[in-house]
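**Q** Okay, here's what each chain looks like letter by letter:
Protein chains: 8
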Amino acid sequence: MRDTHDACHVAIPARDLDEAVEFYVFGLGVKMARRYADRVTFDFFGDQLVCHLSDEVPEEAVMYPRHFGVSFARPEDFDRLARLVETRKLRVLTGPSVRFEGTAEQHRTLALADPSNNVIEFKNYDDPRLQY
Amino acid sequence: MRDTHDACHVAIPARDLDEAVEFYVFGLGVKMARRYADRVTFDFFGDQLVCHLSDEVPEEAVMYPRHFGVSFARPEDFDRLARLVETRKLRVLTGPSVRFEGTAEQHRTLALADPSNNVIEFKNYDDPRLQY
Amino acid sequence: MRDTHDACHVAIPARDLDEAVEFYVFGLGVKMARRYADRVTFDFFGDQLVCHLSDEVPEEAVMYPRHFGVSFARPEDFDRLARLVETRKLRVLTGPSVRFEGTAEQHRTLALADPSNNVIEFKNYDDPRLQY
Amino acid sequence: MRDTHDACHVAIPARDLDEAVEFYVFGLGVKMARRYADRVTFDFFGDQLVCHLSDEVPEEAVMYPRHFGVSFARPEDFDRLARLVETRKLRVLTGPSVRFEGTAEQHRTLALADPSNNVIEFKNYDDPRLQY
Amino acid sequence: MRDTHDACHVAIPARDLDEAVEFYVFGLGVKMARRYADRVTFDFFGDQLVCHLSDEVPEEAVMYPRHFGVSFARPEDFDRLARLVETRKLRVLTGPSVRFEGTAEQHRTLALADPSNNVIEFKNYDDPRLQY
Amino acid sequence: MRDTHDACHVAIPARDLDEAVEFYVFGLGVKMARRYADRVTFDFFGDQLVCHLSDEVPEEAVMYPRHFGVSFARPEDFDRLARLVETRKLRVLTGPSVRFEGTAEQHRTLALADPSNNVIEFKNYDDPRLQY
Amino acid sequence: MRDTHDACHVAIPARDLDEAVEFYVFGLGVKMARRYADRVTFDFFGDQLVCHLSDEVPEEAVMYPRHFGVSFARPEDFDRLARLVETRKLRVLTGPSVRFEGTAEQHRTLALADPSNNVIEFKNYDDPRLQY
Amino acid sequence: MRDTHDACHVAIPARDLDEAVEFYVFGLGVKMARRYADRVTFDFFGDQLVCHLSDEVPEEAVMYPRHFGVSFARPEDFDRLARLVETRKLRVLTGPSVRFEGTAEQHRTLALADPSNNVIEFKNYDDPRLQY
Chain A
73 MRDTHDACHV AIPARDLDEA VEFYVFGLGV KMARRYADRV TFDFFGDQLV CHLSDEVPEE
133 AVMYPRHFGV SFARPEDFDR LARLVETRKL RVLTGPSVRF EGTAEQHRTL ALADPSNNVI
193 EFKNYDDPRL QY
Chain B
73 MRDTHDACHV AIPARDLDEA VEFYVFGLGV KMARRYADRV TFDFFGDQLV CHLSDEVPEE
133 AVMYPRHFGV SFARPEDFDR LARLVETRKL RVLTGPSVRF EGTAEQHRTL ALADPSNNVI
193 EFKNYDDPRL QY
Chain C
73 MRDTHDACHV AIPARDLDEA VEFYVFGLGV KMARRYADRV TFDFFGDQLV CHLSDEVPEE
133 AVMYPRHFGV SFARPEDFDR LARLVETRKL RVLTGPSVRF EGTAEQHRTL ALADPSNNVI
193 EFKNYDDPRL QY
Chain D
73 MRDTHDACHV AIPARDLDEA VEFYVFGLGV KMARRYADRV TFDFFGDQLV CHLSDEVPEE
133 AVMYPRHFGV SFARPEDFDR LARLVETRKL RVLTGPSVRF EGTAEQHRTL ALADPSNNVI
193 EFKNYDDPRL QY
Chain E
73 MRDTHDACHV AIPARDLDEA VEFYVFGLGV KMARRYADRV TFDFFGDQLV CHLSDEVPEE
133 AVMYPRHFGV SFARPEDFDR LARLVETRKL RVLTGPSVRF EGTAEQHRTL ALADPSNNVI
193 EFKNYDDPRL QY
Chain F
73 MRDTHDACHV AIPARDLDEA VEFYVFGLGV KMARRYADRV TFDFFGDQLV CHLSDEVPEE
133 AVMYPRHFGV SFARPEDFDR LARLVETRKL RVLTGPSVRF EGTAEQHRTL ALADPSNNVI
193 EFKNYDDPRL QY
Chain G
73 MRDTHDACHV AIPARDLDEA VEFYVFGLGV KMARRYADRV TFDFFGDQLV CHLSDEVPEE
133 AVMYPRHFGV SFARPEDFDR LARLVETRKL RVLTGPSVRF EGTAEQHRTL ALADPSNNVI
193 EFKNYDDPRL QY
Chain H
73 MRDTHDACHV AIPARDLDEA VEFYVFGLGV KMARRYADRV TFDFFGDQLV CHLSDEVPEE
133 AVMYPRHFGV SFARPEDFDR LARLVETRKL RVLTGPSVRF EGTAEQHRTL ALADPSNNVI
193 EFKNYDDPRL QY
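Protein chains in written order, with my numbering: chain A, 73 to 204; chain B, 73 to 204; chain C, 73 to 204; chain D, 73 to 204; chain E, 73 to 204; chain F, 73 to 204; chain G, 73 to 204; chain H, 73 to 204.
These are calculated hints, taken from the structure and not from any lab test.
Predicted model, so just to flag it, every value in this text is computed and none were measured.
Think of the CB as a built atom: it goes at the ideal place given N, C-alpha and C, for glycine as much as any other residue.
Treat the hints with care, as some may be off.
[Said to hold, decoys possible] Below are the DMTMM-like pairs computed for lysine to aspartate or glutamate, each with C-alpha atoms no more than 25 Å apart in a straight line:
#	chain 1	residue 1	chain 2	residue 2
1	A	K161	D	D110
2	C	K161	E	D199
3	D	K161	A	D110
4	F	K161	C	D110
5	D	K161	B	E132
6	C	K161	C	D88
7	F	K161	D	E173
8	G	K161	E	D110
9	E	K161	H	E173
10	C	K161	F	D110
11	E	K161	G	D110
12	C	K161	E	E177
13	B	K161	G	E177
[What the hints assert, rightly or not] Pulled from the structure, derived: some chain A residues nowhere near chain H, Cβ distances all over 10 Å:
#	residue
14	P85
15	R87
16	G99
17	L125
18	E132
19	R152
20	E158
21	L165
22	A176
23	R180
24	R201
25	Y204
Chain A on its own, in the form it takes in the complex (with noise of 0.2 Å):
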């Protein structure tokens, strides 16, 4: 459990800001918080993302070393994000699909690629309580 209050903060490179809005508020559904002339920042499912105006974007998108997403602690949460993912035809990367299989910390994963090949990955845990 977490602070309700408090926020996790994320700062990744994005290679066009206006790019970065149009993926993050019109399609994942993020909202929009302040911009500046070098970043951009949105509230996140709740937490802070910052774009920062950046060349250093990676030259595809891998899911590791980096990445970044949200862990939903109720199956429809995930649900409501594929479907979303599904409707507005996002970019994905693997999933959705099942990692652990068989295991206690068995869960679900779905990756997205942003605009700048920034890696964001959605997961629902069969037991919450493995999700750290």
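Using the hints, position chains B, C, D, E, F, G and H against chain A.
**A** Relative to chain A, chains B, C, D, E, F, G and H alone:
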């Protein structure tokens, strides 16, 4: 505000997992959740941090564009973190200092570097409503 | 998500305060908090609604651009409201019906008119994350 | 008290959507959720504000009978809002001032006008139990 | 909704304190908090019930106008209470039955009598918003 | 602690319903929820109070054995109530005063009488854990 | 953080159940939930403590390795407990004193012994995040 | 109900700390918080478990009178724990089975033994109100 039961998920590279455990558990005081041959997972201030064993670690700790951390809603939580950093002599990159001074989004910041040169930023906004 | 202790505040005109109490308390089932010569205040689904005695009421109930209401996160709360509207035969403007069908922001809607032609809309999004 | 997951919904006219985004996001610091050709939606202090493109905007900003806003349960949240209004030089209609002084329902109030002359009122009651 | 930390306080007469403990703790399953020569206090479903030693107990258990109890927001909590009443063979005054059937404020009710003829009513409204 | 969604239920006699509304809504500042020919219901500090029209009202207001009220967990909520009682000149039976002084269960108390001689007690324990 | 609805469960030996009730209810101020011939159960600061009638009680109260208790997140709750211990003259084993002074995990501690020589420790960490 | 921010504290003996970490972290899935030469601390289902290095461990695992564990309010959390125990082949002492069958306090129970013969009991009451 965010849901107490979901978890933000951040995955980063680590050149050595023992070193990561040493820094995150015995340094930052986060909790070790699971450990595998190629990764170790943490309950990082209520969210999930995963260190993946990887050679792709930065050569030096650079603030932008990639970092992650926590925005504390309450100033005393930022103060406690700053004291812990001092007491345990963790490697500070910048701060504690004030950013965007005199504006509505003024906040305190303190950035650390982990042994693999990943950057961790802690913040506290004067107006937590603007922490997104 | 929002804070449990703050209240959204909506002020609207009412041509007659007794009529407003009749509609909001005995019709919609909201609670009367305070009453003055020129206004009456309600605990409207946890937020504050104030009806100001005024001649500036709309000649007829029109949906756009001005209305107010509640987005219920849980479908059963929308269902209960719809049943109350039916049982108590409140004046329905539109619905219950589905809007933005087939999109991620699909939602059910039901709009009422109060005796002063103010429009009240109740909604339930398939994905409550998109209710903003 | 109110449910953290439901949202109060307020719809108002805006003569220009860019102007509305400028005022609400870059002025008041609320978050932009969605934007369509004829409307833009905001996460307004945890509730949903929708600006509908419309010619029916008031000729001037008048406090009664129509306005909307937030009653903050904690005085420091009102103070923060007042500071932001000052720092960002938003258009103030009245206040900060005290209303109903010396009575149990005494409260501070601060009213702004948006670019389409909609009035937004922020309040803080000495006794938050009476904020309804 | 109500605050989790405050407690509603109900004080009633009891002709015998041992008998009161027997009924409330071993019958209804509430918790004994404190006991004095002239009173015993209980954590009654999260609120405070005090039984004062007194001769002024009703001659028989009568529903109106004085009684106290709990409105459960969730039907399963009412069901559990009804099962406990049956399993432990507590003295039932009326119910379980339905009141105000077919109206928006329809609810189930079950009334018990304690050994001093105080009446305790448990309720569950179809629409918990109307439980006030 | 108690559940935010359940409600404690207290039913008392009132010799006149208008008088009850006058006292509870315009005096104590509680909210009127529903009114019938023979009863009126209130949202009384988050719990449900019902005044049943009845001749069985006490001849005078007597503290024991029957009364009801609220134990506030926070001293400032007791202070606010005491100020409201003073400002609105409500009929005080006893207090504000301190009971069980010097013991662990020390608390402040303030008792009022309603127009039908029902007694309402407000309390604040130095150690809210002992408020049961 | 932990779930409000689950309960930690601690079972310990007691050489005499009346004595256990005397100590835990009338001494420590916890609530008695249920009592059987061979055990008594308590709501111990929101968790479940069970005293099993047993001869296997320690000959004297020894701090390590076995004890149980509560880590209070707020200093004032520790202070209240310390005052109650003093007021009610409960048997203190050690403290109140400070442990791990000057480190990040510095905390106050106060240990009691129950009549069966079980040890109960109350703590308050300067940084509640490190209370695990 | 209990406070989300406090922690129940349980201290037990362990003959070997590595073995304790192996069982609690990699077996039960609890999180390691801190480790010292003579003890290791865990975030045990949101409460604090401390294993003190000690020779005083029981010769065999015996249910009474000493054990500790968790009462889950929701049946699905008990089910998940039971599945993890089965999947990871943890040492079961008794259950899953039903106790106090046919009574109001009926509950499911599952007891494990750790490598130092400490007994851990997980429970789920049909009526969580009676879990104390």
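**Q** For a C-alpha distance cap of 25 Å, please report whether K161 of chain D and E132 of chain B respect it.
**A** Violated. K161 of chain D to E132 of chain B sits at ~42 Å, over the 25 Å cutoff.
**Q** Can the restraint linking K161 of chain A and D110 of chain D be considered satisfied, given a maximum Cα separation of 25 Å?
**A** Roughly 23 Å between the alpha carbons, so the hint for K161 of chain A and D110 of chain D holds.
**Q** Take a quick look at whether K161 of chain C and D110 of chain F sit within 25 Å of each other, Cα to Cα.
**A** holds (23 Å)
**Q** Taken at face value, is the distance from the CA of D110 of chain C to the CA of K161 of chain F at most 25 Å?
**A** The given pair, whose Cα atoms are some 23 Å apart, holds under the 25 Å limit.
**Q** Hey, does R180 of chain A actually stay past 10 Å from chain H on C-beta?
**A** For R180 of chain A, whose nearest Cβ neighbour in chain H is about 15 Å away, the distance exceeds 10 Å, so it holds.
**Q** Between K161 of chain C and D199 of chain E, does the CA-CA distance stay at or below 25 Å?
**A** This hinted pair holds, its Cα atoms lying about 17 Å apart.
**Q** Given the hinted pair K161 of chain F and E173 of chain D, is their Cα-Cα distance within 25 Å?
**A** holds (16 Å)
**Q** Please verify that the nearest CB of chain H lies beyond 10 Å from L125 of chain A's CB.
**A** Answer for L125 of chain A: holds, closest chain H Cβ roughly 37 Å.
**Q** At 10 Å, judged by beta carbons, does R201 of chain A keep clear of chain H as stated?
**A** Non-interface label fails for R201 of chain A: nearest chain H Cβ at 6 Å, not farther than 10 Å.
**Q** A cut-off of 10 Å on Cβ-Cβ distance, and E158 of chain A was said to be off the interface with chain H. Does that hold?
**A** holds (28 Å)
**Q** Taking 10 Å as the cut and beta carbons as the points, is L165 of chain A off the interface with chain H?
**A** holds (28 Å)
**Q** Against chain H, does E132 of chain A keep a CB gap of more than 10 Å to every residue?
**A** Non-interface label on E132 of chain A holds, nearest chain H Cβ at 35 Å vs cutoff 10 Å.
Hint check: violations occur at hints 5, 22, 24 and 25; the rest are consistent with the structure.
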